[in-house]
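Could you build the full structure based on these sequences and the hints that come with them?
Chain residues, written in single-letter form:
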Amino acid sequence: SQQGEEDPQALSIQEGENATMNCSYKTSINNLQWYRQNSGRGLVHLILIRSNEREKHSGRLRVTLDTSKKSSSLLITASRAADTASYFCATGGGGSNYKLTFGKGTLLTVNP
Amino acid sequence: DVKVTQSSRYLVKRTGEKVFLECVQDMDHENMFWYRQDPGLGLRLIYFSYDVKMKEKGDIPEGYSVSREKKERFSLILESASTNQTSMYLCACALGGILYEQYFGPGTRLTVT
Chain L
270 SQQGEEDPQA LSIQEGENAT MNCSYKTSIN NLQWYRQNSG RGLVHLILIR SNEREKHSGR
330 LRVTLDTSKK SSSLLITASR AADTASYFCA TGGGGSNYKL TFGKGTLLTV NP
Chain W
371 DVKVTQSSRY LVKRTGEKVF LECVQDMDHE NMFWYRQDPG LGLRLIYFSY DVKMKEKGDI
431 PEGYSVSREK KERFSLILES ASTNQTSMYL CACALGGILY EQYFGPGTRL TVT
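First to last, the protein sequences are chains L and W. To convert, take the position in the first sequence, counting from 1, and add 269; that gives this note's numbering. To convert, take the position in the second sequence, counting from 1, and add 370; that gives this note's numbering.
It should be emphasised that the hints constitute simulated quantities derived from the structure, not laboratory data. Model, not experiment: these values are computed from the prediction. Note that CB positions come from ideal geometry on N, CA and C, so glycine has one too. Hints are not guaranteed to be accurate.
With a straight-line cut-off of 27 Å between C-alpha atoms, the simulated DSS-like cross-links for lysine-lysine are [to be verified]:
id, chain 1, residue 1, chain 2, residue 2
1, L, K373, W, K427
2, L, K325, L, K373
3, W, K373, W, K423
4, W, K441, W, K388
5, L, K373, L, K338
6, W, K423, L, K373
7, W, K440, W, K388
8, L, K295, W, K441
9, W, K373, W, K425
10, W, K373, W, K441
11, W, K388, W, K423
12, W, K425, L, K373
Selected chain W positions facing chain L (in silico; Cβ < 8 Å) [what the hints assert, rightly or not]:
id, residue
13, V382
14, G386
15, N401
16, P431
17, Q472
Written out as structure tokens, the structure reads:
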């Protein structure tokens, strides 16, 4: 399976600090996406990074991808209480043109 | 903005009942997906559809079927609900394949008693 595995499972920080979450996967991918899920709601897409890209930014988000290590990281800078959510990585590729495979998520809590 | 709606936020059904979960998207997207989400297991793909009347099994299709008669609507059917199908069900759509982001509905929390 090429399922992504997020690390850590849970992370608690203070408002204003940076939060880093990691994702590892097992097989070659075409792209990797990060999603956020607020408690009990649907997922919201944050950012997509293709396999030939190494780093991507969107506002306070920075995503890196290291295909040699089969890993990605999501950095949220200057965190806010509203960033409290679960964060999932999803990998695409591996023979399917349609399927994304989601990891189990990292629960981020930002304390005011 | 893409809007994906699901017919119910919460649903309680009895074992053996036939259950329909409806999903409607308003953006003319080709692909639609049904996932279930369980604590400690993340999201798992049940079925997806890449065109009207076309469907493919995902990773955990057993006990489920789907229907896509119109482009905007994708239904998940539990033929005979069982307690192990108690879960959060999430519908999503995407403009294309894996290079495109998926848009999710708010989810249906189904409890089978």
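Violating hint indices (sorted, rising): Numbers 6, 8, 13, 14 and 16 - these are the hints that the structure violates, sorted from lowest upward.
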